[in-house]
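With chain R's structure known, arrange chain E on it following the hints.
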Amino acid sequence: MQYETVIGLEVHVQLHTRSKMFCGCPADYQAAEPNTRTCPVCLGLPGALPVINRRAVEYTVLTGLALNCRIPEFTKFDRKNYPYPDLMKGYQISQYDLPLALDGFLEIDGDTQLGLGRRRIGVERVHLEEDVGSYDDRGEGYSLVDVNRSGVPLMEVVSKPDMRSAEEARQYLTLLHSIVQYLGVSTGNMQDGNFRCDANVSIRPVGSQILGTRTEVKNMNSFRAVYQALEYEVVRQREVIEDGGAVVQETRGWIEEREVTVSQRSKEYAHDYRYFPEPDLPPLRIGPERVAELAAELPEFAPQRSARFQADLALSGYDADLLAGSRSMANYFETTLTAIAANPKAVADYISGKDTAARFLMGQVMRLTKGQAQPELALRLVQEGLELQKTRGSLEP
Amino acid sequence: MAAHAASELWQLSAAEASRLLADREISSVELTDACLERIAAVDDRISAYITVTADLARQQATDADRRIAGVPMQIKDLLCTNGIATTCASRMLAEYIPVYDATAVARLREHGAVLLGKGNMDEFGMGSSTENSAFFPTRNPWDTGRVPGGSSGGSAAAVSAGAAPFALGTDTGGSIRQPASFCGVTGLKPTYGRVSRYGLVAYASSLDQVGPIARDAADCALILQSIAGHDSRDATSLPDAVPDYSAALTGDISGLRLGVPSEYFAEGMDAGVRAAVTAAIDQLAALGAEIREVSLPTTQYALACYYIIAPSECSANLARYDGVKYGYSHQGDGDMWEAMERTRQHGFGPEVKRRIMLGAFALSSGYYDAYYHKAQQVRTLIRQDFAHVFEEVDALAAPVSPVVAFPIGERTDDPVRMYLVDVYTLPVNMAGLPAMSVPCGFSNGLPVGLQLIGPHLSEDRLLNIAHTYQQATEWHRERPGI
Numbered sequence: 001m002q003y004e005t006v007i008g009l010e011v012h013v014q015l016h017t018r019s020k021m022f023c024g025c026p027a028d029y030q031a032a033e034p035n036t037r038t039c040p041v042c043l044g045l046p047g048a049l050p051v052i053n054r055r056a057v058e059y060t061v062l063t064g065l066a067l068n069c070r071i072p073e074f075t076k077f078d079r080k081n082y083p084y085p086d087l088m089k090g091y092q093i094s095q096y097d098l099p100l101a102l103d104g105f106l107e108i109d110g111d112t113q114l115g116l117g118r119r120r121i122g123v124e125r126v127h128l129e130e131d132v133g134s135y136d137d138r139g140e141g142y143s144l145v146d147v148n149r150s151g152v153p154l155m156e157v158v159s160k161p162d163m164r165s166a167e168e169a170r171q172y173l174t175l176l177h178s179i180v181q182y183l184g185v186s187t188g189n190m191q192d193g194n195f196r197c198d199a200n201v202s203i204r205p206v207g208s209q210i211l212g213t214r215t216e217v218k219n220m221n222s223f224r225a226v227y228q229a230l231e232y233e234v235v236r237q238r239e240v241i242e243d244g245g246a247v248v249q250e251t252r253g254w255i256e257e258r259e260v261t262v263s264q265r266s267k268e269y270a271h272d273y274r275y276f277p278e279p280d281l282p283p284l285r286i287g288p289e290r291v292a293e294l295a296a297e298l299p300e301f302a303p304q305r306s307a308r309f310q311a312d313l314a315l316s317g318y319d320a321d322l323l324a325g326s327r328s329m330a331n332y333f334e335t336t337l338t339a340i341a342a343n344p345k346a347v348a349d350y351i352s353g354k355d356t357a358a359r360f361l362m363g364q365v366m367r368l369t370k371g372q373a374q375p376e377l378a379l380r381l382v383q384e385g386l387e388l389q390k391t392r393g394s395l396e397p
Numbered sequence: 001m002a003a004h005a006a007s008e009l010w011q012l013s014a015a016e017a018s019r020l021l022a023d024r025e026i027s028s029v030e031l032t033d034a035c036l037e038r039i040a041a042v043d044d045r046i047s048a049y050i051t052v053t054a055d056l057a058r059q060q061a062t063d064a065d066r067r068i069a070g071v072p073m074q075i076k077d078l079l080c081t082n083g084i085a086t087t088c089a090s091r092m093l094a095e096y097i098p099v100y101d102a103t104a105v106a107r108l109r110e111h112g113a114v115l116l117g118k119g120n121m122d123e124f125g126m127g128s129s130t131e132n133s134a135f136f137p138t139r140n141p142w143d144t145g146r147v148p149g150g151s152s153g154g155s156a157a158a159v160s161a162g163a164a165p166f167a168l169g170t171d172t173g174g175s176i177r178q179p180a181s182f183c184g185v186t187g188l189k190p191t192y193g194r195v196s197r198y199g200l201v202a203y204a205s206s207l208d209q210v211g212p213i214a215r216d217a218a219d220c221a222l223i224l225q226s227i228a229g230h231d232s233r234d235a236t237s238l239p240d241a242v243p244d245y246s247a248a249l250t251g252d253i254s255g256l257r258l259g260v261p262s263e264y265f266a267e268g269m270d271a272g273v274r275a276a277v278t279a280a281i282d283q284l285a286a287l288g289a290e291i292r293e294v295s296l297p298t299t300q301y302a303l304a305c306y307y308i309i310a311p312s313e314c315s316a317n318l319a320r321y322d323g324v325k326y327g328y329s330h331q332g333d334g335d336m337w338e339a340m341e342r343t344r345q346h347g348f349g350p351e352v353k354r355r356i357m358l359g360a361f362a363l364s365s366g367y368y369d370a371y372y373h374k375a376q377q378v379r380t381l382i383r384q385d386f387a388h389v390f391e392e393v394d395a396l397a398a399p400v401s402p403v404v405a406f407p408i409g410e411r412t413d414d415p416v417r418m419y420l421v422d423v424y425t426l427p428v429n430m431a432g433l434p435a436m437s438v439p440c441g442f443s444n445g446l447p448v449g450l451q452l453i454g455p456h457l458s459e460d461r462l463l464n465i466a467h468t469y470q471q472a473t474e475w476h477r478e479r480p481g482i
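So the sequences go chain by chain: R and E.
Residue numbering for the first sequence is 1 to 397, as defined by the UniProt record's numbering.
Residue numbering for the second sequence is 1 to 482, as defined by the UniProt record's numbering.
The shape of chain R in the complex, shown without the other chains (with noise of 0.2 Å):
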């Protein structure tokens, strides 16, 4: 019995706002020493109110515009409930049914394997909500609780279960990434908790359009993580059926040292959130003229910066991409390329033999890039750029 994957992705992106999402209070935790980046209203004190922060509520336009999304003019947000030591309020501020973007996709390259090609993905929703703190269970008998990360600015982006394999959750992952990075909306950094995924994952038979019993995978701390974790989840429902067995609906964490994912059912108690529109905050109004102002300050993103180079510069697909892969890196190199137009003599140096011309050049990108580029990468960057002259004559297309 030949089976088909599917697989949904859901992730958390931390905006890299200066404060939180409902108070005035330093967004940047990271280094903060516990429970030092805290107020009355991330403390969930008693009469204690939240005040939408304007800056996340763009990012998360930006973010849905970027994935191709509609934002409808009116959003709102709920309270979700559910008791945690590390929810201050015992309710989150989240957004349920009026999300900020709605109906959007991602277009990856697809897994050749399964003879996919270039296709969509859909993008069910993009909304945003406050983070909880952090909860650390000492185990002996007590756990504590860090408020500093209680609310941070997250925005979920939720696909449809459309990916097909575990190589394509990784592509959707790896543009997903470079998009909130690119916009500057998030540092995408996973390790730090910046950029979170959990996945959907069920199996059913070829041709079936019924989809199967799912289980949601946590706990995947790396791009490599997922991979192997939706790899190892679609092999072991396989066996689970082919044993005779079924699919339990349930939440697998990922174990990384044992490269296996583990039930991780504990006390349950019912996930009725009892969602209810947030009465404390006004809805929101996002008019179309706003939409656009938005609309038109997105860049030009990975894929197409890419795709100019290889057309440009005929760059081969790999080195285009590498060039491309961060806003930061394909800003640097297209201030190299600056510096080479703008000093033939270095380069004519440079094709006669003589190295100096490159650390000269790696000068004007630093003084270009006011100092903000690494020499060493600006070095690399101006060799790279002095090849492509000397390979092609010239780097006007």
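Keep in mind that the hints were calculated from the coordinates and are not lab data.
Incorrect hints may have been included.
[Claimed, not checked] To spell it out: a stretch of chain R is covered by chain E in this simulated footprint if at least three of its residues, at any positions, have a beta carbon under 8 Å from a beta carbon of chain E; those stretches are:
no. : segment
1   : 37-48
2   : 72-85
3   : 279-286
The beta-carbon is built from N, C-alpha and C at its ideal position, and this holds for glycine as well.
Using the frame of chain R, we list chain E on its own:
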């Protein structure tokens, strides 16, 4: 300064006191001492205070004597006061000390008001008699065997008994107006959003409002002036400019179109209440108002609507009280979840638990549409009802409650019977409108309140109607013999 007898001082209205202070006829220290003596004299009989901040009051009075304002006040114990216990009359917060002031409190402090102490109330604002306080019931100064009303019972009783020139109460379903009516004092619930809720411990977020309880409308105007206005910390506070409320007290209501909603004069109302309110409406007509019969057909749905929406919001607002971070914490055997359950079991009183359960149920999967969602839709109809009526009239006159102060313990066995005393105040909160309670007579020796309801942001109009009425009548000057 001429010497004043202490008994003259604690009878002053806030406006009178303010004038005398401004003219340097009295000092804030004198006035505050007189109030503190009055508290000592009566509070063992009415229990209007949970905490008396005597030292702080004297210190603030000393400061205030260097400025003009210096009027002492009581703050309902549901509003956060920095460094001073804010218990919400609950065992859950019996020892809780906030680290910040509620905005309304901070603004009064900036204006130089002096804090006498925190007022007793129904636990977390849930109740209509102040019998739900975890500590002790407050007693009506007119008859200490009777309730002062609720949930701002301690505040209304204090003002009534002269144990505070004015108080700041809160109103979610009638909690300023009803106790003001039962205690024979004047109270105002502003338009939703007129006064910041930052620092007001939340009960029902879409209904709660802070407002003054004082001896007359002029006082309420003075106090509202100090606390009203936009607050960037409260996303539901209105950006609209605050008018000069005292200047609006022209004493002239000729030509005012006053509606009398027929649904507010239903069968079963106390006859004395009906008589007093009807007489008050006649008095307003004599003062120049044009009286019209109007109808608010959705009135009958307000009670059910309120008792779905308020508990739903409260079930979420009170979820934070789990003994983990602050407040009462019942440790003992078992795991973290068991400790949380025990904390809430012992920390909350029965009415609070009742409403949390009601609310969680109304929001639960499978029931949300039939209860919470439906109630919000009905709420829109109630709002539209009022909007429609306010196209024909400028304000409404009605009773505050169908009854006067009832004996302590009379309604505690039957929650619904208790809820029914608020039938005429609830619809106003559902619509977010401003309303006042104005003393208008007595029934069997107990005070009766006239309710004035106005359209969105019409506090100035309501205050003027009340003020005009109070210029022509003496009900608001009556004092209990305590």
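The hints, checked one at a time:
| no. | hint | verdict |
| --- | --- | --- |
| 1 | 37-48 | holds (count 7) |
| 2 | 72-85 | holds (count 4) |
| 3 | 279-286 | holds (count 4) |
The structure fails none of the hints (numbered hints given earlier).
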